[in-house]
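S.K.: Below, each chain spelled out in residue letters.
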Amino acid sequence: MSQAVVDRLNAQFGERVLETSDAFGDHEVVVALKDWVEVAQFMKDDGDLQMDHFIDLTAVDYPERESARFDVVLMTRSSVTGARIRLRTHAKDGEEPGSLAGTWSGANWAEREVWDMFGIKFNGHPDMRRILLYEEFVGHPLRKDYPIDKAQPLVPYREVSDIDKLPPFGIEEGQPFARIDWESRLSGGDNQVSPALGVQQGQRRTLSDSEAAQQVQARIEARMAQEAPEDAAEEGSGE
Amino acid sequence: MEPADELLNDQASLELSADPMRLNMGPSHPAMHGTIRMVIDLDGETLVNLDVQPGYLHRGFEKSCERGTWAQVFPYADRLNYVSPMLNNVGWALAVEKLLEIEVPERCQYYRVILGELARISDHFTCNGASAMELGAFTPFLWLLKVRDWVWDILERETGARMTHSFGRIGGMAAPPTVNFKDDVLRVIPEVHKVVKETEIMLLRNRIFLDRMQGVGVLTKAQALSYGVTGPMARSTGIPYDVRKDHPYLVYDRFDFDVPVGEDGDNWDRFMVRLEEIRQSVRIIEQAIEQMPDDGPINVDDPRIVYPEKDDVYTTIEATIAHFKLVMEGLRTPKGEVYSFTEGGNGELGFHIVSDGSGTPYRVRVRPPCWYNLAAAREMLLGGMIADIIPTFGSVNMIGGECDR
Amino acid sequence: MGELRVIDGGGEVAVTTRLSDLLQWARKWSLFQYPFVTACCGMEFMSTAAPRYDIARFGAEAPRFSPRQSDVLWVVGTISQRQGPAVRRIWEQMADPKWVVAFGTCASCGGFYDNYTTIPGVDKVIPVDVYIPGCPPRPEAVLDALMLLQDKIQANDRKPIVVPPRLVPERAPGRTGEGNS
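Keeping their order, the protein sequence lines are chains A, B and C.
Just so you know, we're using our numbering here: the first sequence kicks off at 1 and counts up by one.
Just so you know, we're using our numbering here: the second sequence kicks off at 1 and counts up by one.
Just so you know, we're using our numbering here: the third sequence kicks off at 1 and counts up by one.
Hints listed in this document are in silico derivations from the structure and should not be mistaken for laboratory results.
We put the beta carbon where it would ideally sit given N, CA and C, even for glycine.
It is possible that some hints are incorrect.
Said to hold, decoys possible - Pair by pair, the computed Cβ-Cβ distance ranges are:
1) Pro-156/A with Asn-180/B: 51 to 57 Å
2) Glu-200/B with Thr-81/A: 32 to 38 Å
3) Lys-335/B with Asn-10/A: 47 to 53 Å
4) Thr-81/A with Glu-318/B: 46 to 52 Å
Claimed, not checked - Below, in silico cross-link-like pairs of lysine to aspartate or glutamate (EDC-like), each with a Cα-Cα straight-line distance of 16 Å or less:
5) Lys-335/B with Asp-22/A
6) Lys-98/B with Asp-22/A
7) Lys-182/B with Asp-356/B
8) Lys-144/A with Asp-356/B
9) Lys-159/C with Asp-162/A
10) Lys-159/C with Glu-159/A
11) Lys-221/B with Asp-52/A
12) Lys-335/B with Asp-26/A
13) Lys-98/B with Asp-26/A
14) Lys-34/A with Glu-95/A
15) Lys-159/C with Asp-48/A
Full structure from sequences and hints, please.
M.R.: Quick look at the structure:
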C-alpha cells in the first residue's frame with residue numbers, strides 16, 4: 001500500500017528522489033532541500049496519493065556528519081487510501097527549508113518546535129518563534145552540543161538553607177546518569193558508556209564528591225555537633 | 001426637531017468604539033487541564049484572536065532519553081500521557097521491539113491489551129469527569145473518580161503503583177499477571193457499566209449541559225486532517241481512524257469491537273465518543289480475558305533483550321554477565337530508524353526512534369497526539385465566546401505531559 | 001482574654017494566650033487551597049479529593065483559584081523554568097498567613113528531570129512548608145502531609161518538614177504529636 005506511494009513519487013520526480021528505503025517496514029523517500037516543499041505539496045494534491053492527514057514533522061541532529069548536519073523528517077498519511085510515507089531531507093546548519101505550514105496546518109506548530117529545539121528556521125513560516133521554551137532562552141536544547149543540565153533560570157534561585165536537601169542536579173554537578181558525554185565526544189575526547197567506568201577512569205565525579213554535597217555534609221555535621229550534648233538518644237535531622 | 005434627535009438620525013447606529021480587550025488565561029487556571037497559557041483578544045465576550053501558548057510543562061523528555069539506556073526511557077514515557085500511562089509504556093516497548101524485530105509471546109500481548117484498555121478507560125473517565133465538573137456537574141466527576149480508583153486498584157495489584165507504573169519492558173512486562181488478575185477485572189466491569197450508565201442519566205438530558213456542549217467548539221473534517229488530529233477528537237469529526245482497527249498491533253485483530261464516530265465535531269460528539277469508547281474498551285477487555293492463556297511465558301526468551309531471572313543472576317556467571325551488560329550498556333539494537341505508532345488515549349501516539357547501534361537511544365521523538373489536537377483548538381475557539389473555552393478545552397483532553405513533553 | 005502585643009517578625013501580630021490557639025485551630029480546619037496543578041501529581045490530587053480519600057473531611061476541600069482568597073499553595077507537579085515567574089507571582093499575591101505544600105518529588109526537588117528546563121524544586125523560587133515525596137505520592141501521603149501541616153499551623157511552626165514514610169502506623173505523624181516518627 002505504501003510502496004505505491006514510493007513508486008508514484010519515483011515516477012513523478014525521477015532523479016530528484018535521492019533514496020528510497022523500506023527498512024523495518026517503514027517506507028521512506030529522501031529528497032534534496034530545494035525540492036522539499038514541492039514534493040510535499042505534490043503528495044498532498046495528487047489525486048492518487050492524497051496525503052491529507054498530517055502526522056509529524058521533526059528533525060534529527062548528526063553533528064559528526066559533515067555533509068549536512070540535520071535531517072528533517074515529515075510523516076503523512078492518506079485518510080483515503082490509508083498509506084503512510086516518511087519524507088526526509090538533509091539540511092546544513094543555517095539552511096532554511098521551506099515551510100509547510102501552508103500545506104498542512106499542523107506543520108505550523110511542528111516547525112516552531114523544530115526551530116525551538118534545533119534552530120532550523122523555516123522559510124515562509126507565518127510565526128517563527130519559540131513554542132516550548134521561553135523567548136529569553138539562548139540556544140537550542142536538542143542539539144547534541146547543548147549540555148542537558150545547562151539551565152537558564154528566569155527567576156533567580158533563592159537560598160534553601162532551612163531544610164537539608166542536596167541540590168541534586170545543580171548546574172555545576174554534571175550529569176551522573178548520562179551514558180554519553182556529548183561535550184567531550186564532540187571535542188574529541190572520550191565516549192564513555194557507563195557512568196561507573198567514567199568515574200573509575202576519572203572522567204567524571206560522583207555526586208558525593210561535589211562541592212554542594214560537601215557543604216550540606218558540613219552543615220549536617222555542625223548541627224549534629226551542636227545537638228549531640230543535648231540529645232543523646234535520637235537524631236532528628238534528615239540526611 | 002430637538003437637537004438630540006437630529007444627532008440620532010444622523011448616526012443611526014450609535015456605537016461605542018472599543019478596542020479588543022486582551023486577556024490572559026493561565027498558565028495556572030482552573031479550566032486549563034494541566035498548564036497552558038492563552039492570550040485572548042475579546043470583543044465583548046467574543047473571541048477575536050487567540051494565541052495558545054503551550055510549553056509550560058516542557059520537561060525535556062526527548063533530551064533525557066538520549067542519556068540513558070533503552071529501558072531507562074520507561075519512567076519518562078509513563079509520564080507523557082499520565083492519565084493512561086500503560087498505553088505509553090506499551091507504545092514505547094512496541095517501538096523498540098519493532099526496531100529489534102521481535103514479537104512478545106501471546107500471553108504478554110493479551111496482558112498488554114488488557115492493561116492498556118484499563119488505562120484507556122481511566123483516561124476517558126478523567127476527561128469526561130473533568131469536563132462535566134467544569135460545567136458545574138460535580139457529582140458525575142466524583143462518581144467517575146470513584147470507579148477510576150477501582151480500576152487503579154487492579155493496576156496497583158498488578159504493577160505495584162496506582163499510576164505511572166513503569167511496568168512495561170522491552171520484550172515483555174516487568175512481572176507476570178497475578179493469580180487473581182482475571183477475577184479482579186471481571187469484578188470491576190459491572191461497576192464500570194453502572195457508573196457510565198449513571199453518568200449518562202445525569203448528563204445526557206440536562207438542558208444546561210446540552211446547550212453548553214452541542215454546537216460549541218466545532219471542528220470540521222478538513223481542518224482535523226490538516227492539523228493532524230487523531231483519536232477521539234478526529235473520530236468526533238467523522239474521520240473513522242483508529243490505529244487499533246486500521247493498523248492492528250498486538251492482538252487487536254482478534255477482537256470484535258466498534259469504533260464510535262461522530263458527525264458534527266463539536267464538544268458533545270467528543271464527550272459521547274469517549275463515553276462510548278469506554279464501553280467498547282470494556283468489550284475488548286472481556287474478550288481478552290476470555291482468550292488470554294492462563295500460563296505461558298510473559299517475556300521473550302532472548303538473553304540479549306530480557307533480564308535473566310534474579311536467582312540465576314546470583315548463582316550463575318552467565319546470567320550475571322548478561323545482567324551486567326544489559327544494565328551497564330543497555331540492550332544493543334540494530335542501527336536504523338523506525339516509527340511505531342499505537343492508539344494512545346488521545347490518538348496516534350508515535351515513537352520515532354533513531355538508533356546508532358548502541359545501548360543508548362540516539363534520538364527519540366514522541367509524536368504527541370494532543371499536541372496537534374491542541375493546535376486545532378484555535379480553530380474551534382475563534383469566533384466563539386469566552387465561556388466556550390472551558391468545555392472546548394476540556395474536550396481536547398490536553399495532557400500537559402504529552403503535549404509539552 | 002490576653003492582650004494584644006506586636007511582636008517583631010514578619011509583621012505579624014501575635015496574640016498571646018488562648019485567642020491565638022483558637023485562631024490557629026480555626027485556620028487549620030478550613031484551609032482554602034490554591035491548586036497549582038501542572039503534571040501527573042494532579043491525578044493523585046484529584047484522587048485525594050475523590051470520595052475514597054476525601055480531603056473534604058479535613059475541611060481543606062475548597063479550591064480557590066484566586067491567590068487572594070487562598071491560604072495554602074499546593075504546588076502539584078513539575079515546575080519548569082518557564083513556569084517559575086508564574087509561581088513566584090502567585091505566591092507573592094497570596095495574603096498572610098500562607099503556607100506552601102510541595103506535592104510530589106518534582107515540586108520538592110525536581111524529580112528525575114535534572115535538565116535544562118526544570119526548576120530543581122519549587123523551593124528554589126518560593127519558601128515551602130511541607131514536602132511530600134512520591135512520584136506521585138499516594139493519597140494517604142497527601143493526607144499525612146495535610147495533618148502535618150495542620151499540626152504546624154496549630155503550633156505556629158514555620159520550619160519546613162518532609163513527610164516521612166509511614167513505617168509503623170502507631171507512630172504516624174499526628175498520632176504522637178511529633179513531626180518525625
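S.K.: Would you mind marking each hint as holding or not holding in the structure?
M.R.: For each hint, the structure was consulted:
1. Between Pro-156/A and Asn-180/B the CB atoms are about 54 Å apart, so this pair conforms to the stated range of 51 to 57 Å.
2. Distance hint check: the CB atoms of Glu-200/B and Thr-81/A are about 37 Å apart, consistent with the given range 32 to 38 Å.
3. At about 25 Å, the beta-carbon gap between Lys-335/B and Asn-10/A misses the expected band of 47 to 53 Å.
4. At roughly 50 Å, the beta-carbon separation of Thr-81/A and Glu-318/B lies within the given 46 to 52 Å, and the hint holds.
5. Distance restraint check for Lys-335/B and Asp-22/A: the Cα-Cα separation of roughly 14 Å lies within the 16 Å cut-off, and the hinted pair is therefore satisfied.
6. The straight-line distance between the Cα atoms of Lys-98/B and Asp-22/A is roughly 13 Å, inside the 16 Å bound, and the hint therefore holds.
7. A hinted pair counts as satisfied when its Cα atoms are at most 16 Å apart, and Lys-182/B with Asp-356/B does not qualify at roughly 41 Å.
8. Under the criterion of a C-alpha separation no larger than 16 Å, the hint pairing Lys-144/A with Asp-356/B is consistent with the structure, at around 14 Å.
9. Restraint check for Lys-159/C and Asp-162/A: the C-alpha separation of about 7 Å stays at or below 16 Å, so the hint holds.
10. A distance of roughly 15 Å separates the Cα atoms of Lys-159/C and Glu-159/A; the hinted pair therefore holds under the 16 Å criterion.
11. Straight-line distance between C-alpha atoms of Lys-221/B and Asp-52/A comes to about 11 Å, which keeps the hinted pair within the 16 Å bound.
12. Taken as a hint, the Lys-335/B and Asp-26/A pair is honoured in the structure, with Cα atoms around 14 Å apart against an allowance of 16 Å.
13. Straight-line distance between C-alpha atoms of Lys-98/B and Asp-26/A comes to about 10 Å, which keeps the hinted pair within the 16 Å bound.
14. At most 16 Å may separate the alpha-carbon atoms for a hinted pair to count; Lys-34/A and Glu-95/A meet this at roughly 10 Å.
15. For the hint linking Lys-159/C to Asp-48/A, the alpha-carbon distance of about 70 Å lies beyond 16 Å, and the restraint is violated.
Checked against the numbered hints above, the structure breaks hints 3, 7 and 15 and satisfies the rest.
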